[in-house]
Amino acid sequence: MIKPTVGRVVHYIPKGDRNDDITHASDLNSFDDDQPLAAIITHVWSESMVNLVVFDADGVSNPRTSVSLVQPGQDINFTGPYCQWMPYQVGQAQKAEALQEQLDGNQSTLTVNIAVPEGEGRMHGTEAEVSGD
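Under this note's numbering, residue 127 is the last one in the sequence shown; the count climbs by one each step, no gaps.
Derived by calculation from the structure, the hints in this document are not laboratory data. We treat Cβ as the ideally placed atom computed from N, Cα and C, and that holds for glycine. Worth double-checking, as some hints may not be accurate.
[To be verified] Derived DEER-like restraints, expressed as beta-carbon distance ranges:
id: 1; residue 1: Thr(-1); residue 2: Pro30; range: 18 to 24 Å
id: 2; residue 1: Asp98; residue 2: Gly53; range: 40 to 46 Å
id: 3; residue 1: Ser42; residue 2: Tyr82; range: 17 to 23 Å
id: 4; residue 1: His37; residue 2: Gln96; range: 30 to 36 Å
id: 5; residue 1: Phe72; residue 2: Gln96; range: 32 to 38 Å
id: 6; residue 1: Met43; residue 2: Ala87; range: 15 to 21 Å
id: 7; residue 1: Pro57; residue 2: Gln94; range: 34 to 40 Å
id: 8; residue 1: Leu93; residue 2: Val47; range: 28 to 34 Å
id: 9; residue 1: Ala51; residue 2: Gln88; range: 27 to 33 Å
id: 10; residue 1: Gly67; residue 2: Lys9; range: 17 to 23 Å
id: 11; residue 1: Lys(-3); residue 2: Ala51; range: 24 to 30 Å
id: 12; residue 1: Gly1; residue 2: Gln65; range: 14 to 20 Å
[Unchecked claim] Derived SDA-like pairs: lysine to any residue, alpha-carbon spacing no greater than 20 Å straight-line:
id: 13; residue 1: Lys(-3); residue 2: Asn56
id: 14; residue 1: Lys(-3); residue 2: Ser40
id: 15; residue 1: Lys(-3); residue 2: Val64
id: 16; residue 1: Lys(-3); residue 2: Pro66
Generate the whole structure from the sequences, applying the supplied hints.
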């Protein structure tokens, strides 16, 4: 599970999105129904409910409150709009989880590759080994 925090970027799926105004029409301009819209978390209610500012296809910002946040691996069975983590964020979370599992498994040695900027008197790269003895 990825913990939602204010300022994180998510994909907003405007499926069935309607405003609360009299016209009941969405104020989001979406050129392609298959493409998500960019959104930023502005408030966290819970791990599965957030407030967002959503950017439509023209870059216009629109607020959305109490939007369901789909976590990786969760079934998407919403009839209305929802948001989800971007594929890159899901991949990074999976890598971090795998590394944590290695560390929790009492690995005795962890190899870390460190990239160091090139410059006079500096290394171009190095490898460090940390023992858990």
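Exercise for the section: Take the C-alpha atoms of Lys(-3) and Val64, compute the straight-line distance between them, and say whether it is at most 20 Å. Expected result: holds, 11 Å
Practice task
May I ask you to test the hint 17 to 23 Å on the CB atoms belonging to Ser42 and Tyr82?
Solution key: holds, 21 Å
Practice task
Please work out if Lys(-3) and Ser40 have their alpha carbons no farther apart than 20 Å.
Solution key: holds, 9 Å
Problem - Outcome for the supplied range 15 to 21 Å, where the beta carbon pair is Met43 and Ala87 - result: Given about 19 Å between the Cβ atoms, the range holds.
Problem - Satisfaction of the hinted span 17 to 23 Å by the C-beta atoms belonging to Gly67 and Lys9 - result: holds, 20 Å
Problem - Range agreement (Cβ of Gly53 with Cβ of Asp98, hint 40 to 46 Å) - result: Hint holds: Cβ distance 43 Å, inside 40 to 46 Å.
Exercise for the section: Starting from the hint 14 to 20 Å, judge whether the C-beta atoms of Gly1 and Gln65 obey it. Expected result: Holds - the Cβ-Cβ distance for Gly1 and Gln65, about 18 Å, lies within 14 to 20 Å.
Exercise for the section: Just tell me: holds or violated, for the beta carbon distance of Lys(-3) and Ala51 against 24 to 30 Å? Expected result: At 29 Å between Cβs, range holds.
Handout entry: Range hint compliance [Cβ, Phe72 to Gln96, 32 to 38 Å]
Key = About 35 Å separates the Cβ atoms of Phe72 and Gln96, which means 32 to 38 Å holds.
Practice task
Given the range 28 to 34 Å, decide if the beta-carbon distance of Leu93 to Val47 lies inside it.
Solution key: holds, 32 Å
Problem - Whether the CB-CB distance between Ala51 and Gln88 falls inside 27 to 33 Å - result: holds, 30 Å
Problem - 20 Å limit on alpha-carbon distance, applied to hinted pair Lys(-3) and Pro66 - result: Distance ~11 Å between Lys(-3) and Pro66 Cα, so the pair holds.
Checked against the numbered hints given earlier, this structure breaks only hint 13.
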